[in-house]
Every structure is written in C-alpha cells, then in structure tokens.
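S.K.: Starting from the known structure of chain A, fit chain B onto it as the hints suggest.
Given next are the chains, with one letter for each unit.
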Amino acid sequence: MKIYIDGCSWTWGAELEKPRKQRFSRILCDKLGAEEYNYSRCIASNNRIARNILVNHNIADYDFAIVQMTYPARTEFWNQEDDKFQDVNEMNPGPIVNADWWKDYYRLIYEEEFGDTYELMFATAIRSHCKANNVPLILATRRRIGKEEVVISDPYYSVAFADTAKKFGWKFGSHCNSMKESDFDFLMQDDKYPTFTNRSHLNEEGHIRVAEDLERMILNRIDT
Amino acid sequence: MKIYFDGCSWTWGAELENREDRFSKLIADHYNAEECNYSECCSSNNRIVRRLLDTDISSYDKVFIQMTLPSRTEYYDGEVWKQVNLGVYAPKKSIFAGRDIRNVERRRFMKGKKMTDLFSIKSETGEETWGYSYNKDWKDYYRYVYTPELGETYEKMFANIIRSYCGSKLVLTTIGNIGINLDKSKYPRMPDGHPTKEAHRMIYEDIH
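Going down the list, the protein sequences come from chains A and B. The numbering of the first sequence is the working numbering, which starts it at 204 and goes up by one. The numbering of the second sequence is the working numbering, which starts it at 198 and goes up by one.
These are computed hints drawn from the structure, not numbers from a lab. Source: prediction; values computed, not measured. The beta carbon of each residue, even a glycine, is placed where N, CA and C say it ideally should be. Hints may contain errors.
[Stated by the list, open to error] List of simulated lysine to aspartate or glutamate pairs, EDC-like, C-alpha gap at most 16 Å: (1) K336/B / D307/A; (2) K287/A / E346/B; (3) K287/A / D334/B; (4) K306/A / D334/B.
[As the list claims (entries may be wrong)] Partial pick of chain B residues on the chain A-facing surface, computed with a CB cut under 8 Å: (5) D337; (6) Y339; (7) I358.
[Said to hold, decoys possible] Some but not every residue of chain B turned toward chain A, in silico, with C-beta under 7 Å: (8) R247; (9) L250; (10) I254; (11) T344; (12) L347; (13) S365.
For reference, chain A alone in the conformation it holds in the complex (with noise of 0.2 Å):
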C-alpha cells in the first residue's frame, strides 16, 4: 500500500529529533506495512498543499490519502532567482523575496474572510480531487475550532506580524476562525496529543498517539 502524505512542519516533523524515523506517517506506515511518501514542508501553505496533490503528483498512483492543512493565511509565489515555489508564512514574511510586498500583502490586502473562504475551497477541491480518482481521504488540520493559539516563537515574528494582529483585532497569543469541526476529518491540534511547549509541534508521544487514531481511522476506511 502507498500512502500519500502532505502538510506543513506538523506533519513533516519539525522540532522531533529525528523527523523522518519519528513522525506520525513513517509509524503508521510502519504500523501498516505501507510505503510512505511525504511531501511535507515545513512552513508550507495550503496553496502548496494543494498545487502538490493536483498538479505534481498523480494521486491515482497512491492508495490512501492523508492530507493536513494548515493556517491559510500563508500563500505563496514563484521565485525567479531560486527557480522554485517559495511559501509565504503571515507571521514571518521577512527573510524572502520581494518581503515589503509580502508585509504590505498582509496589512493592506489580505482579510481574514478570503483566507477562510480559500482554505474551504481548497479542502473542497482536495477531496473532490481523490474522489475522482477513487482514493480514500483524510483529511486533517493543524488549526484548532474556533479559538486559536498563535505560537510566536519565530525571531522574525516582528513588525509584520504585529501589524496584522493590530488589523484583525487579534491579542498576541490566540485569535478566532470560522473553521466548523466538520470541515475536516482529523483535528491534529487536539488537547489528547502532546505538543512542545507553547503548542509550536506534536512532540514524539503527540506523533505516537496521532498514528495510532490514524490507523483506526485507515483500518476502519478499508473494513466498511
């Protein structure tokens, strides 16, 4: 069985001390008996997520799906000078190309209601896009129902992201989402699984426990 797997630093691994043997995907592969293919990143945007699922991959290569989404105020743009996709993070538009842009992106253009309204459509898109191809799905995110804590423990978290707090009303620390518990089939950031310290990542039991609720969810998929 090859499983498909994507999403930002959660589920790529970030802060474990050995991501790719301690993530969730490569113990539940094992748990398995499948192959796993990653295609994480660390700081990734939902744009990319679904760039990758829709146009570099193949999906129908693959026989089972799991996909996390993540805070979709992040985007991302075509870098000339690196010949590649760079991501785009709210809350640390400094060390990148183009970064006034970036920071005016977020102060002037950006709204909370567009970054809601295309992160419903790209979850939308991602699952219409597996069911067309007959791929089961779960679909997951890092972002928490209704409240939520936003981790500034980036040095970078500076002038942009204050200005984009002071434009959304937000306090340091946590804002709101319109997010509903049924827009997605898997809420990573649940009290049940262990993160570091201020929330940032799922530590090694946090990764543990998320593949084991993954496997039953798969096991329960393939049983009905």
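M.R.: Coordinates of chain B only, in the frame set by chain A:
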C-alpha cells in the same frame, strides 16, 4: 434540464448588443435547458473555481466552464470580492485587441516588460476602475511578484480542480492555455477583442 456556465467576458457576452446571442443561450436553447450563466467580465480563474466549488453541481446536467487569462487574480476587500485584471483588453486603450492574448501576455513577460502599465480592478457590484498607478500594491504585484510560472501552474491546478469536481458533465474551454481554445482567429472579433454575434454561434456549434 439546467446547464451551468461560468467564465469571463467571453462567456458573459461582452460587446454583444443582445445577450440572447451569446453562446451559452444558444447551447441552452439547443438542449431546451435553463441557462444558468454566472460569468463576469474581468473574472479570474480564482473566482470561477471559488464559485463552482460553492455550488452543488449535482443539480446541473451539464457544465460549461471557460477559463480565462492566468495572470488575473482576486481579493476580498472586507466587503466584496474584487477581480484584478491586466489590461490586455482595455477598452480603446489596448494595442493588443484581436491578437492572440496568451502570446501577447507571455511575450511581454518574457521580454521583462511586466504588464504594469494598465490593469483594472472590478468589484462584484460591477464597478470597474482602470488605472495606471492608483493602486500601488497591485501594480507592484505584477511588477515584482507575479510570474508566468505562477500563473500557468495555478492555471493547471484550477483546471484539474474543475475536472475532478465536474467529471463527465464538463466541457472546458479557455482563452488561456488549458481546454478547448476559444482564442482562435477563425472566430470574428468585436473592436475590443470579444467574439462577435457570428463568433458566438460558431463557438456554440463547436462545443455544444
């Protein structure tokens, strides 16, 4: 029977005297179906996909989607969605009218002449603003951020989204790069580059 249509000004029937002459009406009449045409002038592929995925497509019997220029995009200004459009077909301002849109757009980018001189922003209320420098942020987007690689990759992504969502009900056309090409010289054009009444009938005959 209901038929879903969406696209940009080409599907909307821009420059036609009578909207009854547009190809969507001809197709709907052919099938004795209800014409549900949601197209908008200056539309981006983003809007077309956003609207489609918010629709229960099972209530339609056929779906005709016309994709548009990949450089267009959209944003939400806090009240309404707005379409951002490079000025390829700017009324009486464009030297490109009637020529192959895709090649004009691509060639200008390849020459390093990014199309920042003229573009429009149109709101869903129909208000449209053409300008040269009134909106620095979007002008700078086309100057510094947008590239054909971005536009054309997302065009593929949107096309695959549309195909997966609509399945066998879909007829996909385009004035961009993916789908049945409507930007053909055989279709006569109006002064600002849109299909004439005769061209709409030819398009109907080609795709229905």
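S.K.: Check each numbered hint from earlier against the structure, then list the numbers of those it violates in ascending order.
M.R.: Violated: hints 3, 6, 10, 13.
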